[in-house]
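**Student:** The numbering of the sequence shown is the working numbering, which starts it at 1 and goes up by one.
It is worth saying that the hints were derived from the structure and are not from the lab.
Derived CB-CB ranges, DEER-like:
1) A294 to V76: 47 to 55 Å
2) Y208 to E167: 23 to 31 Å
3) G116 to D63: 38 to 46 Å
DMTMM-like cross-link-like pairs, simulated, lysine to aspartate or glutamate; straight-line CA separation at most 25 Å:
4) K97 to D50
5) K276 to D35
6) K192 to D122
7) K67 to E218
8) K67 to E88
9) K97 to E218
10) K276 to D50
11) K67 to D3
12) K97 to D35
13) K97 to E145
14) K192 to D238
15) K67 to D50
16) K95 to E160
17) K97 to D63
18) K192 to D242
19) K192 to D247
20) K192 to D246
21) K97 to E160
22) K97 to E114
Here the structure is a predicted model, which means the values were calculated and not measured.
Backbone N, C-alpha and C fix where the C-beta goes; we use that ideal spot for every residue, glycine too.
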Amino acid sequence: MTDELATIIDFIRYAASRFSAAGLTFGHSHDNPIDEATHLVLAAVHLPPDIPPAYGAGRLTRDERSKLLALIERRVTERLPVAYLVGETWFAGMKFKSDHRALVPRSPIAELIEGGFSPWLDGRSVERALDMCTGSGCIGIAMAEYNPDWQVDIADISPEALSLARENIAFQHADRVRAVQSDLFAGLAGEKYDLIVSNPPYVTHDEYAALPPEYSHEPALGLTSGDDGLDLTLRMLDEAADHLTDDGLIIVEVGDSERALVELLPNLPFVWLEFKVGQMGIFALERRDLIDHATGIRELRQSRNL
Numbered sequence: 001m002t003d004e005l006a007t008i009i010d011f012i013r014y015a016a017s018r019f020s021a022a023g024l025t026f027g028h029s030h031d032n033p034i035d036e037a038t039h040l041v042l043a044a045v046h047l048p049p050d051i052p053p054a055y056g057a058g059r060l061t062r063d064e065r066s067k068l069l070a071l072i073e074r075r076v077t078e079r080l081p082v083a084y085l086v087g088e089t090w091f092a093g094m095k096f097k098s099d100h101r102a103l104v105p106r107s108p109i110a111e112l113i114e115g116g117f118s119p120w121l122d123g124r125s126v127e128r129a130l131d132m133c134t135g136s137g138c139i140g141i142a143m144a145e146y147n148p149d150w151q152v153d154i155a156d157i158s159p160e161a162l163s164l165a166r167e168n169i170a171f172q173h174a175d176r177v178r179a180v181q182s183d184l185f186a187g188l189a190g191e192k193y194d195l196i197v198s199n200p201p202y203v204t205h206d207e208y209a210a211l212p213p214e215y216s217h218e219p220a221l222g223l224t225s226g227d228d229g230l231d232l233t234l235r236m237l238d239e240a241a242d243h244l245t246d247d248g249l250i251i252v253e254v255g256d257s258e259r260a261l262v263e264l265l266p267n268l269p270f271v272w273l274e275f276k277v278g279q280m281g282i283f284a285l286e287r288r289d290l291i292d293h294a295t296g297i298r299e300l301r302q303s304r305n306l
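Just need the whole structure built from these sequences, with the hints factored in.
**Tutor:** Structure representation (structure tokens):
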């Protein structure tokens with residue numbers, strides 16, 4: 001096989017064909033076999049994703065070809081996400097280290113970061129921001145990169161995830177980012193932020209049991225959150241007002257748990273954000289909304305013993 005495949009484009013085509021034939025699931029940054037194959041091949045030979053097309057005709061060495069064939073086979077047989085196989089992925093135009101310590105970055109919040117959170121932050125002063133449930137640190141680090149005047153904290157309950165996040169802080173030279181181990185806000189007593197952004201676990205137990213094998217390689221702690229996927233989100237809504245400045249804003253991703261959240265709190269004025277492809281289960285709330293509805297949120301949390 002190493003004699004039949006020679007160039008970068010040869011291996012991208014071959015990998016895409018193998019992935020399609022094997023019926024793999026594409027849900028970790030890519031939604032199709034060609035993009036995933038491109039990610040694997042270019043990362044494995046230490047080339048950027050925006051390399052000029054002419055380089056596709058570049059011939060690979062025998063060692064590179066052998067390495068790529070082994071990686072392609074592992075993707076098919078072990079169902080490992082490509083980001084874990086090559087140890088890196090891209091988020092908001094930035095490269096991050098990625099491995100089994102945290103979920104593979106893939107949130108549509110990247111689009112908000114790249115767009116300056118417009119119009120939600122238009123005319124609003126932000127000095128401090130928090131990335132809650134940070135995982136690999138990608139959201140918070142990207143927020144700091146795109147907003148040079150912000151001081152950003154990133155928090156997670158998992159020591160393993162935070163070790164990866166700290167590696168990404170060093171990798172990106174993100175001097176304005178501080179990593180804090182915290183069970184939601186428990187480790188952030190007295191801290192206040194102008195903006196809180198979170199992509200918390202929101203997969204239900206039933207959904208998790210039905211996920212394709214690729215997701216079994218990711219930490220379950222970063223995916224599941226109760227029978228309706230909302231345990232952590234409800235705790236966050238109950239506690240966030242104490243950690244927001246007077247004009248503070250919180251933005252949270254809940255994915256397919258959107259409908260369940262609206263049914264639980266029908267009077268809370270969620271603003272469901274629009275993306276290029278439509279709504280993606282991400283809401284924004286003002287601090288004053290959380291205060292106005294604090295009693296209902298607290299009663300709901302207590303009824304669930306959270």
